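The listed protein sequences correspond, in order, to chains Z and W.
Heads up: the first sequence runs through residues 1 to 570, numbered per the UniProt record's numbering.
Heads up: the second sequence runs through residues 1 to 743, numbered per the UniProt record's numbering.
In short, the hints are calculated from the structure, not lab data.
None of these values were measured; they are calculated from a predicted model.
We put the CB at the ideal spot given by N, CA and C, even for glycine.
A hint or two may mislead.
Stretches of chain W that chain Z covers, calculated by requiring three or more beta carbons in the stretch to come under 8 Å of a beta carbon on chain Z [said to hold, decoys possible]:
id	region
1	171-182
2	278-292
3	307-320
4	465-478
5	482-492
6	549-562
7	665-673
Negatives, chain Z to chain W, calculated, CB over 12 Å [unchecked claim]:
id	residue
8	TYR144
9	GLU276
10	ASP347
11	ARG361
12	PRO452
13	ALA454
14	MET522
With a straight-line cut-off of 30 Å between C-alpha atoms, the simulated BS3-like cross-links for lysine-lysine are [what the hints assert, rightly or not]:
id	chain 1	residue 1	chain 2	residue 2
15	Z	LYS560	W	LYS112
16	W	LYS397	Z	LYS554
17	W	LYS311	Z	LYS560
18	W	LYS112	Z	LYS562
19	W	LYS82	Z	LYS485
20	W	LYS672	Z	LYS562
21	W	LYS112	Z	LYS379
22	Z	LYS531	W	LYS496
23	Z	LYS370	W	LYS672
24	Z	LYS542	W	LYS735
25	Z	LYS542	W	LYS468
26	W	LYS112	Z	LYS370
27	Z	LYS542	W	LYS82
28	Z	LYS437	W	LYS476
29	Z	LYS560	W	LYS258
30	W	LYS735	W	LYS704
31	W	LYS93	Z	LYS554
32	Z	LYS560	W	LYS727
33	W	LYS258	Z	LYS485
34	W	LYS468	Z	LYS370
35	W	LYS704	Z	LYS101
36	W	LYS258	Z	LYS274
37	Z	LYS437	W	LYS663
38	Z	LYS379	W	LYS472
39	W	LYS727	Z	LYS554
40	W	LYS249	Z	LYS379
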Amino acid sequence: MYTSGKYSSRGPALIPRMKTKHRIYYITLFSVVLLGLIATGMFQFWPHSIESTADWTLDKRSVHDAPLIRLPVSSPIPERGDLSCRMHTCFDVYRCGYNPKNRIKVYIYPLQRFVDELGVPISSTGLSREYNDLLSAISDSDFYTDDVTRACLFIPSIDVLNQNSLRIRETAQALAMLPRWDKGMNHLLFNMLPGGPPDYNTALDVPRDRALLAGGGFSTWTYRQGYDVSIPVYSPLSADVDLPERQPGPRRYFILSSQTAIHREYRAELERLKEENGEALLLLDKCSNLSQGAASARKRCYKGQVYDYPQILQESSFCVVLRGARLGQAALSDVLQAGCVPVILADSYILPFSEVLDWKRASVVIPEEKLSEMYTILKSIPHRQVEEMQRQARWFWEAYFSSMKAIGLTTLQIINDRIYPYAARTYEQWNNPPVVKWSSVNSPLFLPLIPPRAPGFTAVVLTYDRVESLFRVITEISKVPSLAKLLVVWNNQNKSPPEGEKKFKCPECTAIDGLSLDQTHMVERSECINKFASVFGTMPLKVVEHRADPVLYKDDFPEKLKSFPNIGSL
Amino acid sequence: MQAKKRYLILFSTGACLILLFCLGGIQVPLSRRGPGRPHDRRLSGYGPGARWRHLSGYLQPFSSWEQDRSDDLTEHISPRQKRDANSGLYTGKRCRMESCFDFSLCERNGFKVYVYPQQKGEKLSESYQNILSSIEGSRFYTSDPGQACLFVLSLDTLDRDQLSPQYVHNLKAKIQNLPLWNGGKNHIIFNLYSGTWPDYTEDLGFDIGLAMLAKASISTENFRPDFDVSIPLFSKDHPRTGGEKGYLKYNTIPPYRKYMLVFKGKRYLTGIGSDTRNALYHIHNSEDVVLLTTCKHGKDWQKHKDARCDKDNAEYDKYDYREMLYNSTFCLVPRGRRLGSFRFLEALQAACVPVMLSNGWELPFSEIIDWNRAAVIGDERLLLQIPSTVRSIHQDKILSLRQQTQLLWEAYFNSVEKIVLTTLEIIQDRVLLHTSRSNLMWNSLPGGLFTLPQYSTSLRDFPFYYAKLGIKPPSKFTAIIHVVTPLVSQSQPVMKLLVAVAKSQYCAQVIVLWNCEKPLPAKHRWPATSVPVTVIEGESKVISSRFLPYNTIPTDAVFSLDEDTVLSTTEVDFAFTVWQSFPDRIVGYPARSHFWDSNKERWGYTSKWTNDYSMVLTGAAIYHKYYHYLYTTYLPASLKIMVDQMSNCEDILMNFLVSLVTKLPPIKVTQKKQYKETMMGQSSRASRWADPDHFAQRQTCMNKFANWFGTMPLIHSQMRLDPVLFKDQVSILRKKYRDIERL
């Protein structure tokens, strides 16, 4: 800027020495330069350019380096959240725009530490490990943008995963202070543990205007279908425990209950089921002799016998996931990881990612009231289906539950699918485990249509230089009434194709006719098949023992009355 | 001149420098100014616009185990009390199945629907009459309110537009007087139109209480998920049963048609919903995007007429709606006064991919239909992007969208009956939660109405999904031999048949269905075979019992046989290997055909040797066990009773059913025509085939069936499947199925 300034100051002094024609020329050029300068200046004072700079600070950052923001008591509080919000009413699509990749851009606010006027933080935990993982995963993904002006979705770095650790009013004030908050429009909050005692609301109690909520534990009454996203409650065991996938099949126990905080009414009900069905059920509880702490989270007991959790989950076909104070339970994640089919008893619960996942293929949902009939209901499920569900459960965990990254990116993909529905991922993409994706056949022409004869067909004849046989084919095929068009592909660069009706005599023809019998030819074709199969990774060809013939083929019946009398004479 | 050059260079360098500044040099001045501006800092927070980075150092987990436990252990309200509280709390606009529906009514008798008797003097519109008769003709119907799980009013609630002549007055009082109303609990109310000019609200003008709504043009705001059902708007001419087929006859590749996107309809100059259609002209290009509107509707259109009206009206008259509909790749479906419009079903039927432009419309049957597979969901706010959006859709996707329109049209929309049955099935799926259809069952062939989850909830147990799941059809079958004559000699055809079938390498089990009046013969009288033979007595000895889904059938494949069928083991083997390639169809030997007898104006049945066939009789045919279940539960009692009384036509009915489901003909294998020893009628036994009335009856059956189905589902085929080397001039030793040739 300064160097250019130097030139511009020297410019005018030189002008008088020139001819008028040139002077005008230079004045024009000069004003262009000046305008450019002004524009540059303007550009810099524009706030977005400040935010859009590339990172240039601190690689090794820690939470304590984040700037401290003091919230005035009178700071505005957002509105509670509108239950009638939908994408077309509360979401600004213009921010997302048309883009050839059909991918939304997501901006993450830089980290700040909010405190009230007395200096007390708004959250007891601050940024949690999980939220940090989530934000990092998003920032490493294709969704991420550091350019706030191009963003379609905004994610605050204020951690609201667990409502218990939040001061509700202050958190809300902090949200409202975000520079692009704008009534929460296009903001996405992640919450896994909503509500608090005694009522345990099923959605985050922090007032949040129009912000979208990715919540773990929505009920049908708080979930805004097509707006909010129902997410799982992340289980910390996902990262700590490595459970190898087990082959689907029968397990030692039929039903297992491993949750430790089950309401006594339900525990009594489960005990009753256990009495009726004996060994098929395993009812675990916390171990009374173990001290509290992380270690006790990994043990379960039944009558003094200690079991490893979550490993024991792999020993059962079905695992009960009952509602607790909240609808969303981290146990669901453990159960899926173990490849155990979850039996979900949580009335009105919106299952995680239910917008895209077909839970009927991976779980059994039973109304709480029917807990006593659980055994009978589960027994009626065919074995084959149980095995399929076991596989599906494990796949759901791997793809959508296993890490904060999986949870976060799935949430963004769901929102992305809503904004670009015509480019949305398909049901098969969401729900088919890789083994099915590989082996299944989804024909692009899946509709059974019996086309009319009228449009006929086009014959495509590939030829090299066997003109004689080409003409023979053409003569024969042009007799067919349904032939609409005949296309000859001349596959010989050295010769030009015969013109019009001219007849050729081709001496080599007879020699080449024996081509298909040639031994090397067969070997080559076998090699082709092997090559193709290895590229495809599988052999897609199927062997059948039947062939199609006309109904009256070879029948002792007047040929005149047959639709296709000449079949077989070729 | 030298000087001029110098200045030129100087200025160019200056300009270049400035340009460089604009593009990339911003951080220099910024870094200098940054710290001095606290306001900016607040705006951008921690480090101006720094990219989010994973933070190092110890962070606490978001929840601790102890805390979770203490949360859950707080003696929260008893679950039972909580449930009871919900039902009092969440009513009206917040109704859900849990809070407003009494599941206990459905427990004893399953999902049964009661229709109130029609009251004298109460006029019903044709559409509503069609809805009621569809329910009454369905398998869900019960005439006993004590058995019912769901109640349907016989008061016409379809048109709640006060200005409409169909509007029923005093509905509120009439409903309150119904003895079974019970506050609307377990009732479903059908509605097509609500509200009136100018705002067209979704108010029905009476209190629906706890009743569910099956409503057209319902908005997401008013739609109670998992409680209401969004139904399509259909006209009074919509057929009751049968229904028209989709217009797609064959696929074209590339899939583009003459027009890319079309629309032809009214434009509302004022009032609700007018904005969308008023803006359409922006993207109309009169070439491949043709969006036409007319102002000419209503009495006083001239009054509100705007500057574009005359031009628009003139353009409007130039195009034929049908021509556009059939020749366009996409069809715009913008909202009208109400959110839904007739355009939607018209486009669907015409295989013109609907481009929805109706923000907030809860699409028909959204609970079960994955509309992204068949339509483009646009946003009214992004109208100007619509052309580029539809142009960006890949050919393959268009091909798939187009086929899906046809699938959905024929599965759920082409008759009032389908719309009503879909509504009921959706509710049934909610009631019988753990036996409900998965998304795949609803959205792939043959559709949810033919995929009954009461048979199985596993996709593997149906004949439709093998390829989709990447699994092979089963490798074994069960033979069911239908026996009606007593056992007198060991050389009886049935004995030979039993031995031949049991010898098949694919046979897992033989079941003899004893439908003979004589008592069961002793066990030792049946020939010894390597596979187990089970003899079961037919239920009340009626012919339909051959299609009961017996639990004793261990395999998915059923080889259905008449007692006098003559088949060799080779033929059995071959038929089964063919079936493995076509597991959803009937594969077998005796082929028959139907034809339209234009003199008598009725369907005819023929067993003559013809060039085509449309039925393969179940006297020697193999098919999936699921069709037994479908035959028994899907078909109405009236047809089954008719079949049983005549002891005839059960095989025709089965062919009707399978073709209705698959939309494909059955498959005849090999040359063999005669499959019974007694065909020629020399038999002394009372074979039903020898009866002269038998044939006439079959004609009658065909017409009765076609009448009930509302359409003729049978499809002709000219193809028969033979073993690959069949009658080829190669050594017989090279042929696998030699016996077939010798016959």
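Find the hints from earlier in the document that the structure breaks and name them by number, from lowest to highest.
-> The structure breaks hints 1, 2, 3, 5, 6, 8, 10, 11, 12, 13, 15, 16, 17, 18, 19, 22, 23, 27, 29, 30, 31, 34, 35, 36, 40; every other hint is satisfied.
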